[in-house]
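*Asks:* Build out the structure end to end from the sequences listed, making use of the hints.
Sequence lines, in order, name chains F and D.
Note that the working numbering gives residue 82 to position 82 of the first sequence, counting from 1, and the numbers run on in steps of one.
Note that the working numbering gives residue 309 to position 309 of the second sequence, counting from 1, and the numbers run on in steps of one.
No wet-lab data here; the hints were simulated from the structure.
Treat the hints loosely; a few may be bogus.
[What the hints assert, rightly or not] Using C-beta positions, here's what the derived DEER-type ranges look like: (1) D:R17 with F:S231: 57 to 63 Å; (2) F:K148 with D:I261: 41 to 47 Å; (3) D:K2 with F:G53: 36 to 42 Å; (4) F:A82 with D:F4: 22 to 28 Å.
[What the hints assert, rightly or not] Using 35 Å as the maximum straight-line C-alpha spacing, the simulated DSBU-like pairs for lysine-lysine come out as follows: (5) D:K386 with F:K223; (6) D:K386 with F:K68; (7) D:K307 with F:K12; (8) F:K223 with D:K307; (9) F:K90 with D:K307; (10) F:K223 with D:K126.
The beta-carbon is built from N, C-alpha and C at its ideal position, and this holds for glycine as well.
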Amino acid sequence: MITVEHLTKTFKISRQQRREMGPGFSGSTIDAVYDVTFVCKPGRVFTLLGPNGAGKTTALRLIATMLKPSGGSITVAGFDVAKAPVEARKRMGFLTGSTGLYDRLTPDEMVRYYAELHDMDAQTYKRRREELFTLLGIHDFAGRRIGKLSSGMKQKVSIARTIIHNPDVVVFDEPTAALDVVTSRSIIELIKSCREQNKTIIFSTHRMGEVSLLSDDLAIIHKGRLIFNGSYKDFQSQMQTASVEDEFVRLVEAA
Amino acid sequence: MKHFRTIFLKEFTDTIRDRRTLFVMIIFPLLLVPLMLIVVTKLQTSSIKKAEEKIIRVGMVTHGNALVLADMLMQRKGLRVIEGIPADSAEAFIQRDSLDAVIIVAQDFDAQVAQLHAGKVKLFYKSSEDYDMVKRRLTSVLDGYEKTLTAARFKKLNLDESIVNAVQLEEHDVASVKERLGKAVGGMVPYIFVIFCFMGSMYPAIDLAAGEKERGTMETLLTAPVSRFEILLGKFAVVVLTGILSAGVSILGIFVVVRQIEEIPPELMQAIMSILDVKTILLVFSLLLPLTIFFAAFLLSLSLFAKSYKEAQSLISPLTILVILPVLVGVMPGIELSTVTAMIPVLNVSLATKDIIAGTIKPMLLAEVYLTLITLGALSLWGCTKWFEREETIFRGV
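*Replies:* Here's what the structure looks like:
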């Protein structure tokens, strides 16, 4: 489970960033995320939807303990990320659209590296590796350098790397953003499979097709603030327009 | 600290599989410096030999004087004497390369010599060519001629030749060959060490920080249940190791190549080998280690700040000059290791190495160098750790 309460993240901004924001902006800080509250439950897919620059990645980085909150709190699998970040990370997998793999390692080395960082014992690792490599079809290229693999193969390795330690919580930051349709499908399947395994899943996207395909719960973020938070069914029932996309645009424009 | 080993081994594997790093760390120091040494030595030896064996064309204007000198020149092997050139064209002949030198004997030369005065001889030559060999070879003949005339004068005056020596100087150089060599070329050793150490650290530092940020692997690594200090330490240790390895490989290259150069006299070879002995090398490397720690921390900090590999390269590459400069100062004569220079990083290593090689290092100054380097290394590592913990550094522009 992930519990986010009154989460705020404030960044100092440089002179150059201020110039880029135009004459209307005069402050020296910006709230990338402001007073955000939501809960991601096990066995459900929580979708964080928002336009580019809305604060999705910042929110997920805060959950993944890469950034420290300026205000509010986050609990991952029962651990406060500010007080016990390492414990929270032990129970979490993180996947982005960029595969985040080392080109000069082999899939075998890559996955083993993360297993070791997660303190997996040799027996458990061996069993889990066999399970995942078979499921994802990695065996055939397990000894080849990652740099020489196709993007589809790389994404499979990336998935194995993310869930090798069988995490309770999986964070997907725009996982399909830079992928083709075929490779994106493997991610969609992974998210569905994680749901079936009763894991807590949060994923960010700006693709409406994925929202309707996967979401159990939905939060729409715009300019760092939540403008919708509820179940996907509630969202559909409250829609004032014909499509999810139109409703999203309406809400963003109204905010 | 249980993950340090895992991170270190992974980063090291990743680094040694990078062709660019491998080239700068191993191939470049192992082959380039030795190759340069061989080529330069062989070229120099062959061109000196060529200059020594070259037939020198000497224009001779005697005005009927100094016939003995003309004779001596004609009989000297490797000289071709050409007579009858106009005295006022000496310079022009040399400038347009028709002659290598011109000797003009004054019209009153014989008369002056007969009156026990100095007879004038003009020698025209070009010092810029052939290691000044033309002048050297001709003055040796002229010196011989002068000795003949002087001896004749002493004989005529019935004097002993030794009366002109009011002081008889006996020189005793107590410096050993190793000491002389250490002071003369000892500066070149740290030059090679330090530069390769810096260059060997450079690419891994760029790749393991800025490169990792650019590839998106840093983001996923930060979600692993490992402290940032452990991550940094793993990367840092690899950068230090590659720097030290690079310096070591450069010395190995020199060691191998020096033995292949036949032109080195045995006495000099013995001195070089005593410089390259295990004790000296270990002592020099013990200075290099804290310096490499400083380099690694500094390079990693810059690389962490950069948004991309390219930006890191632009930030770091100009620093090579900042490293070369103090090393060059260390090679300059008159700059010695003192309480002040012992506190200047890089320069202190350069000067201390020179003294270690010459065997003249003072323990107190060496201790000061160690203290400075260890303090600097510790401070820079501490700074780098703090820098890595800053969100603004890691996520700058990401």
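*Asks:* Compare the structure with each hint and give your call.
*Replies:* Quick rundown of the hints versus the structure:
no., hint, result
1, D:R17 with F:S231: 57 to 63 Å, "violated, 48 Å"
2, F:K148 with D:I261: 41 to 47 Å, "holds, 43 Å"
3, D:K2 with F:G53: 36 to 42 Å, "holds, 39 Å"
4, F:A82 with D:F4: 22 to 28 Å, "holds, 25 Å"
5, D:K386 with F:K223, "holds, 31 Å"
6, D:K386 with F:K68, "holds, 15 Å"
7, D:K307 with F:K12, "holds, 17 Å"
8, F:K223 with D:K307, "holds, 24 Å"
9, F:K90 with D:K307, "holds, 28 Å"
10, F:K223 with D:K126, "violated, 80 Å"
Hint compliance for this structure: hints 1, 10 are broken, all remaining hints hold.
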